[in-house]
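Enquirer: If you read the sequences in order, they're chains A and B. Our numbering puts the first residue of the first sequence at 1, with every later residue one more than the last. Our numbering puts the first residue of the second sequence at 1001, with every later residue one more than the last.
Since the hints were derived computationally from the structure, they do not count as laboratory data. Since the structure is predicted, the reported quantities are computational estimates derived from the model, not experimental observations. Just so you know, not all the hints are guaranteed correct.
[As the list claims (entries may be wrong)] Simulated restraints on C-beta separations:
#, chain 1, residue 1, chain 2, residue 2, range
1, B, 1150, A, 55, 42 to 48 angstroms
2, A, 37, B, 1045, 26 to 32 angstroms
3, B, 1187, A, 93, 39 to 45 angstroms
4, A, 516, B, 1022, 37 to 43 angstroms
5, B, 1144, A, 68, 46 to 52 angstroms
[What the hints assert, rightly or not] Calculated pairs, DMTMM-like style, for lysine to aspartate or glutamate (alpha carbon to alpha carbon, straight line, at most 25 angstroms):
#, chain 1, residue 1, chain 2, residue 2
6, A, 756, B, 1242
7, B, 1258, A, 296
8, A, 63, A, 78
9, B, 1258, A, 129
10, B, 1043, A, 296
11, A, 179, A, 146
12, A, 441, A, 623
13, B, 1043, A, 129
14, A, 579, A, 546
[Stated by the list, open to error] Some chain B residues well away from chain A (every beta-carbon gap over 12 angstroms; in silico):
#, residue
15, 1006
16, 1039
17, 1051
18, 1076
19, 1084
20, 1141
21, 1158
22, 1183
23, 1185
24, 1218
25, 1243
26, 1259
27, 1260
28, 1261
Note that CB positions come from ideal geometry on N, CA and C, so glycine has one too.
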Amino acid sequence: MSETLDKPALNIVGTRPIRPDGADKVTGRAAYGADHSMPGQLVGKILRSPHAHARIVSIDTSKARAVPGVKAIITASDFPDLASEVLEGGEQASNLRDLSLNVMARDKALYHGHAVAAVAAASSEAADEALARIKVTYEVLPHVLDVEPAMAADAPLLHAHLFTEGLEAKATAPSNIAKRHRNVRGDPEGAFAAAEVTVEGRYTTQAVHQGYIEPHATVAAWAEDGRCEVWSSSQGQFMVRTYCARILGIEISDIRVTPAEIGGGFGGKTTVYLEPVALALSRASGHPVKIVMSREDVFRATGPTSGSVMHVKLGASADGTITSAHVDLKFQAGAFPGSPVGAACMTALACYDIANFSIVGWDVVTNTPKVAAYRAPGAPIAAFAVESAMDELARKLGMDPIALREKNAVRNGTKAAYGPTFQNIGYLETLAAIRDSEHYKSPLGPNQGRGVAVGFWFNVGGESTAAVNIGEDGSAVVVTGNPDIGGSRASMAMMAAETLGVPVDRVRPIIGDTASIGYSMLTGGSRTTFATGMAVVQAAEKVILDLRQRTAKLWDVSLDHVVWRMGQAECTDPAKPDKKPMTLAALAAQSARTGGPISAQVSLNAQGAGPGFGVHLCDLEVDPETGHVTVVRYTAAQDVGKAIHPAYVEGQIQGGVAQGVGWALNEAYIFDRQGLMENPGFLDYRMPVASDLPMLDTIMVEVPNPAHPFGAKGVGEVPIVPPLAAVANALRGAIGVRIPHLPLSPPVVLEALDSKAE
Amino acid sequence: MSQLAYIAPSSPEEAASALAASGARPLSGGTDLLVQLRAGRAKPDVIVDLKKVAGAIGIREAGGGFVIGASTSGAVLGEHAGLVRAWPGVVEGANLIGSTQVQGRASLAGNLCNASPAADGVPALIAARATCLIVGPNGRREAPVESIAVGPGKTSLAPGEFILEFRLPPRPARASDAYLRLIPRTEMDIAVAGCGVNLVLDAAGAVAEAHVAIGAVAPTALLVAEAGAALVGGKLDEASLDAMTAAVRAACRPISDKRGTADYRTRIAGVLARRAALIAFERAGGMR
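Next comes chain B alone, as it looks inside the complex:
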């Protein structure tokens, strides 16, 4: 008969060593893991709760940017005025996960490492050019968010490795971001398509830097460099928006499944990218 152990280490090194054991699964918010346990899809021998690890929960400003503890809940992110001001798109993506109750637990690291192509917390993080501080048995390393998920349910993390922090870069004055997703309902649902757009404007109000990331339209969330490039230098005129939309749709490699057909997903990704870009532009103080 199977046995299930639970540990909650306080040091990152202890956590890494516990996670290196076979049959160990990390627990952050648990909003995916507990569902998998109940359904019998996950059968770990030991659950390593990472919420007690020093630095895993909390938000701090550092070097002009933000450091977010990987297990910080969506509710806490949403209540942090400074983070919301600087990265409204990152926060709105995180806050779309689950329901009000789920927001009390759900974390960005869990959302990222569950490696669902449709994770709502991920595209805006990628568009933000966020990085992860990864702790493992062999020490620490930093990696971009888009390098973590490598396919549905699969990550690039080695045995024992876990994400301790997310790092968001310093924010210039005229910059903002946005995340939009489409679901058939209004909440408690999984994205049919999602898109995060991060814009930095120059003194003249033109786009100096643009990053576009899409979710639920490929095995992992994708950073679409051509889409961002299409917006740079202008003020989101129709031609640049059309070019960006085309680039987004060209990058889509969705499957048809119970949540939507490939054609529908591709089309919607373009619609969402355009709308998210306009929202981010307006938030950044842009005038078309």
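If we strip away everything but chain A, and leave its shape as in the complex, we get:
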């Protein structure tokens, strides 16, 4: 299935070496966000709102300041009151004012857990006591948690200044609806009228958290001369630098951010929560300040992705050609605008070539934590609705679900629903991989069902910098600006080693701080192996050119007569048959004589990221007496372009599936009547544990991306897009009724079984 690019055979790319960060992680040496300390540091803690929606009438810190050991207490008045301004820099654009207000509430607390004050003290106990003595007077306001109630005309209003964008007529009154997205092609209503078969459904999903193992943590120091140091766990040290500078109103040049090892991000660490607070506490106290969130803080104040209410209608002719589609997506944004509903609208029909459609999306604020990016933001949610409807359509048409998708699949040359024309995509190959799999042909047991679903993610490129520095022994250090959340250090080392022609263990990949490497956009959008990898390869190629030039001088031949092959310079000048090849180590040893240190840096803005498609197949079994669902077999096929390190590509696919299965089966926020979250921990917020899942089988389809030196496409986000619907469709097969609402927890399934019996 793998195609070869017009390139020499690969020695390292496509193999499975041990990851360079592996030993540190399994021995506990890896230094995560909370592992760094500075001399004289204080403990920072944050006071959080006990209400879902309340006006902050006053904050009295006098008793807290009297607690021995307390060095500083800050509130929103210690931050500049910023104007509304759209800021690029995270995974999606953010509003600077909203970012600031999410870090520290100013006039209103907008969700249970919203930060309202912070303390720095000499000990954890003193900080706790100070928090207990801060007296906040609240005027509790009515709250609204769910997306449809928040859209109602009489809903409690979160922001008096929020007027709906994207309407034909300008909104005249504020509401909780921040924006309407709309994309129409052809004549959907006319096509529905002519359709021979239609299906229609209302689907809902719950907000779910990214669930990274490592809670947010930071240490920050504000020195007397105004220079700031930040050490934190994030998906982008440059993002942290930009956001801190803008939120605090200081110069980027005054902040240096060092990325800690990161214990999972999944998009949830593409923004800041603690870093500006720690800096402000450090400024106020004169000491470095360390803040570490508890798991409870993580659940109450960070992430999640949106809950949703969706409506999908599909129209088709009797042969299965889909002639019309209508998709309506209402997404919970949390306390500030900015749900991923825009991306959801763009991805919803991206797998299908449909002549007529309308897609409408609604971004709605609610008294819940502001949503953060979560792995293919928005796409799994929309895919749950669209792929469930596709399953219903296949049943109504009496068609095989893969055949229906093949019939309507986008191909090379198809104009995607979201605009561009697809090229070099491997969607049909991926559908075929599942269709032809042993799994798809295998029989099912009693109480079992099988579901198919597909998914799409854009993948992005963007700005990256990489440096390759050759040591005097011929080893190489590869420096990039991208935190490694998915095995990217291994990929960087492998691509550099492949290019230089040296063994991979001669290459040490490191992640530089903001003062040590050029700007790089954060790790997100499945961009790092593609874009930063491109910078690494180009930097290695610059090193090779330099080495050839030096060798040409040493040999007194023209540059054209020096080729770089298998890690050494070779002479091709027929007039100089005596010139023995020179290895990288030999050239490095005499670099002082040939022009000085050997190194190169490349900064670029990578274009041409290849979109990714996944096709998933899920078998599950239902306990008819309890409603308990067990996934018994799962196969995920995906077009990965070219797997640089196949084991980590498989790991990405398996990880996406595991998170998607959790989203489908059990994960949900539970709020009480006051809007307070009741399950801020992994005991009652039920992500899957290892024993919940069977071995997740993967099929890597390799249709190369010609824009990348080795053909890579982003792989980390696609695999979380199909599982929600794959599970739901399998359950539909097992129990004979459709449950259009997530999660598919045991009581919900048992109720559906009851309704069927009646």
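Fit chain B to the given chain A structure using the hints.
Expert: Relative to chain A, chain B alone:
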């Protein structure tokens, strides 16, 4: 500022006297206490570690039955072949607490005295008719397991009292037990409902004695005498199983909360009781 002291007495009497002080909390495996400390829900002045007390750890056979040191970890229970053979249900209940790592510490006494209605270690112990040897400032007493928890987080133990041992009765030849629980996941979770069934068969293979205890469906785990009675005299025919299931559901007094609705819990308790009874019957050598 609060101070926290830690002591680990070796004699039961010393432990009882230390525990009698106000602000003292016992530490057995610590898998609940440490979580409560971190969350700020427990704020003891002194932690009395009971694992060093003579007799607190270990399993021995005595008088035809078993004596289990109250702080013995789940992992040790699971590795004791004789105990597993005689009381597979008691052991499987204990082994469902937490994860593999937690099993290295979690104890039956901690599970019982934490007094969660959903404690997985408790229903099978009650169905086994196990008793506790309680040590306190005024000496020793023995009490049935079901008398210890009196409500969520509350026990009948007086200040200074702690459980030193569990005592399991002698086991006839054709007898066995089973414990089942329902959780949305497969491990690392709290029971939505749980049920332990203990059966003793007569020479003809009919049920001579039956005890059914349910968890997570009332403020404490309950021994349901009517459910056990429904099984006695037969070989788990459908009618007796239906009667037992009905008795179990009638005894349920659950709350609706984030872990399940009252209706769902009641229904599941019946399903689990039926399944656990069939497993115990088969383990005891019964033939339907």
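Enquirer: Please go over all the hints and tell whether each is borne out by the structure.
Expert: These are the hints, each one checked on the structure:
1. Roughly 43 angstroms separates the CB atoms of residue 1150 (chain B) and residue 55 (chain A), a value that falls within the hinted 42 to 48 angstroms.
2. At about 30 angstroms, the beta-carbon gap between residue 37 (chain A) and residue 1045 (chain B) stays in the expected band of 26 to 32 angstroms.
3. Checking the proposed 39 to 45 angstroms range against residue 1187 (chain B) and residue 93 (chain A) shows it holds: the Cβ atoms sit about 41 angstroms from each other.
4. Take residue 516 (chain A) and residue 1022 (chain B): their Cβ atoms lie about 57 angstroms apart, and the range 37 to 43 angstroms is violated.
5. The hint said 46 to 52 angstroms for the Cβ distance between residue 1144 (chain B) and residue 68 (chain A), and at roughly 51 angstroms that hint holds.
6. Our distance criterion of 25 angstroms between C-alpha atoms is met by residue 756 (chain A) and residue 1242 (chain B), whose separation comes to about 23 angstroms.
7. Taking the CA atoms of residue 1258 (chain B) and residue 296 (chain A), the gap is about 16 angstroms. The hint holds against a cut of 25 angstroms.
8. Only pairs whose Cα atoms come within 25 angstroms are accepted, and residue 63 (chain A) paired with residue 78 (chain A) is accepted, the gap being roughly 19 angstroms.
9. The straight-line distance between the Cα atoms of residue 1258 (chain B) and residue 129 (chain A) is roughly 31 angstroms, outside the 25 angstroms bound, and the hint therefore fails.
10. Proximity of residue 1043 (chain B) to residue 296 (chain A) is assessed by CA-CA distance (about 19 angstroms); at most 25 angstroms being required, the pair is judged to hold.
11. In summary, the hint linking residue 179 (chain A) to residue 146 (chain A) is supported, as the alpha carbons are separated by about 16 angstroms, within the 25 angstroms threshold.
12. A distance of roughly 24 angstroms separates the Cα atoms of residue 441 (chain A) and residue 623 (chain A); the hinted pair therefore holds under the 25 angstroms criterion.
13. With a CA separation close to 14 angstroms, the supplied pair residue 1043 (chain B) and residue 129 (chain A) stays within the 25 angstroms bound.
14. With a C-alpha separation of about 19 angstroms, the suggested pair residue 579 (chain A) and residue 546 (chain A) falls inside the 25 angstroms cut-off, and the hint holds.
15. Even its closest Cβ contact with chain A, about 17 angstroms, leaves residue 1006 (chain B) beyond 12 angstroms, as expected for a residue assigned away from the interface.
16. The Cβ of residue 1039 (chain B) does not lie farther than 12 angstroms from every Cβ of chain A; its closest approach is about 8 angstroms, which violates its non-interface assignment.
17. For residue 1051 (chain B), the requirement that its beta carbon stay farther than 12 angstroms from each beta carbon of chain A is met, with the minimum near 25 angstroms.
18. Residue placement check: residue 1076 (chain B) keeps its beta carbon more than 12 angstroms from all beta carbons of chain A (closest about 22 angstroms).
19. Listed as outside the interface, residue 1084 (chain B) is consistent with that label: its C-beta sits roughly 21 angstroms from the nearest C-beta of chain A, beyond the 12 angstroms cut-off.
20. Against chain A, the non-interface label of residue 1141 (chain B) holds: every CB pair exceeds 12 angstroms, the least being about 34 angstroms.
21. A cut-off of 12 angstroms between C-beta atoms confirms that residue 1158 (chain B) is not in contact with chain A; the least separation is 31 angstroms.
22. Non-interface call for residue 1183 (chain B) relative to chain A: violated, since the shortest CB-CB distance, roughly 9 angstroms, does not exceed 12 angstroms.
23. Not every C-beta of chain A lies more than 12 angstroms from that of residue 1185 (chain B), the closest at about 5 angstroms, which undercuts listing it as non-interface.
24. With a minimum CB-CB distance of about 19 angstroms to chain A, residue 1218 (chain B) clears the 12 angstroms threshold, and the non-interface call stands.
25. The claim that residue 1243 (chain B) lies off the interface holds: its Cβ sits roughly 18 angstroms from the closest Cβ of chain A, which is beyond the 12 angstroms cut-off.
26. Some Cβ of chain A comes within 12 angstroms of the Cβ of residue 1259 (chain B); the nearest lies about 7 angstroms off, and the non-interface call is violated.
27. Taking the minimum C-beta to C-beta distance to chain A, about 6 angstroms, the non-interface status of residue 1260 (chain B) is violated against the 12 angstroms cut.
28. Distance check for residue 1261 (chain B) against chain A: the nearest CB is about 6 angstroms away, which does not clear 12 angstroms, and the non-interface claim fails.
Checked against the numbered hints given earlier, the structure breaks hints 4, 9, 16, 22, 23, 26, 27 and 28 and satisfies all the rest.
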